[in-house]
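Between the sequences and the hints, there should be enough to build the whole structure, so can you do that?
Taken in order, these protein sequences are the chains called A and B.
Residue 101 in the numbering used here sits at position 101 of the first sequence, with consecutive numbering throughout.
To get the numbering used here, take the position in the second sequence, counting from 1, and add 178.
Keep in mind that the hints were calculated from the coordinates and are not lab data.
Among the hints, a few may not be true.
Partner residues are not named here, just some residues of chain B that face chain A (Cβ under 10 Å, in silico) [said to hold, decoys possible]: (1) Ala195; (2) Leu202; (3) Leu214; (4) Arg317.
Ideal placement from N, C-alpha and C gives every residue a C-beta, glycine not left out.
Chain by chain, the residues:
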Amino acid sequence: MVDREDLLQRVSHAYEVGRWKMAVRVLAIVVPVAILCIALSGRPVVSLGLAVLLGASVVVLRWRNRQGLRVANVGLTAGILPLTAGLLISQVGIASPVVCMTLCVGSGLLAGLWAGYALGGTRTGAIDWVTVGVVAIVTAFLGCIDLGTDMLVAVILSLIGSGLLAGLIQSRFLRSVS
Amino acid sequence: MDAARRTSINQSLARLADGDRSSLTVLMDELWPVLLAFASRLIHERADAEDVAQETLIKVAARIADYDRARDGVTWVYAIAAYEIRTLRRKHQRRRELPNVENIDQFTTPTPSTEDMYIEDQMRQVLSEALGTLSDSDREALGLTDRATRSGEASDAAVRKRRQRAVTKLRTLWSQLYG
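Here it is in structure tokens:
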């Protein structure tokens, strides 16, 4: 005879283990990117802190529920573009502040547009928008940490601004269609 | 299974995959009779069928995070159950291939069979033939004659050396006679 409570406990344990396994798979992307950023960074301790924060937050978000999984994936994908731009600027050694600013703002705008487009088509609450923004910014910071405060602010503002704009446009469009 | 039940199970699977932990109990209550009936149809032992149903529930819960909503959930669950049944059958098959340790005594009876006795007799005969070809001193070194007891006259190292030489000779003779 099967003990229902015992079975429920085992099933529940298997469920949580399964969710954790699914959640930590994202580290296959986060860890190599973080190692690269820490290796190239002029401030490795700060980069390490950001990497730990990013890894922990995306794993917990993905473990929590499906919406968290989507939010973490969108935030991470959006942040990769400014991260790459930041690494390129610092490694190639672009001296012109105008070019640096253009690259930072451009990558931030594209990342925001992508995040807004990805989230706008679905039912998403304010907390999800904020979470996507935070994940994207932390990811972007990993690559842009050496660029200075003005560049970081430019990335944040362009990312948030374009994300909100894309989300608004898409929700208006969806409302008019329905 | 009727359509309403199928839809209900699919919805519970989707909710659980979304991260709604409260639907775990509901899903378990819905799936348990379905899985037990499925396993009982293919396995005659009630205890084995229950084991399969339990393992299937655990596997479903463990893999639900990767559940694809585009697929029919009930079919997915049945596929896992079928795999568990195959695994159990393979386990039983392997168990049948191994001798039963509890009844091992019946295979190792103290009285040897006629065949065993014949083989032993043949072996004794060929061994005595091989020993017969050895010299007296070699047989003495191997402790096969009465004089072996008097080997205390020589040193231990010398006795060991003589015994080793006699064994080597016997081995060579054995390989010459019987390959």
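Point to revise | Interface hint status, Ala195(B) versus chain A (Cβ within 10 Å) | key: holds (7 Å)
**Study point:** Hint validity - Leu202(B) Cβ closer than 10 Å to any chain A Cβ
**Key:** holds (6 Å)
Point to revise | Per-residue hint verdict: Leu214(B), partner chain A, C-beta under 10 Å | key: Holds, about 9 Å.
Point to revise | Interface restraint verdict for Arg317(B) against chain A (beta-carbon cut-off 10 Å) | key: This hint is violated: Arg317(B) lies away from chain A, its Cβ roughly 70 Å from the closest one there, beyond 10 Å.
Against the hints set out earlier in the document, a violation occurs for number 4 only.
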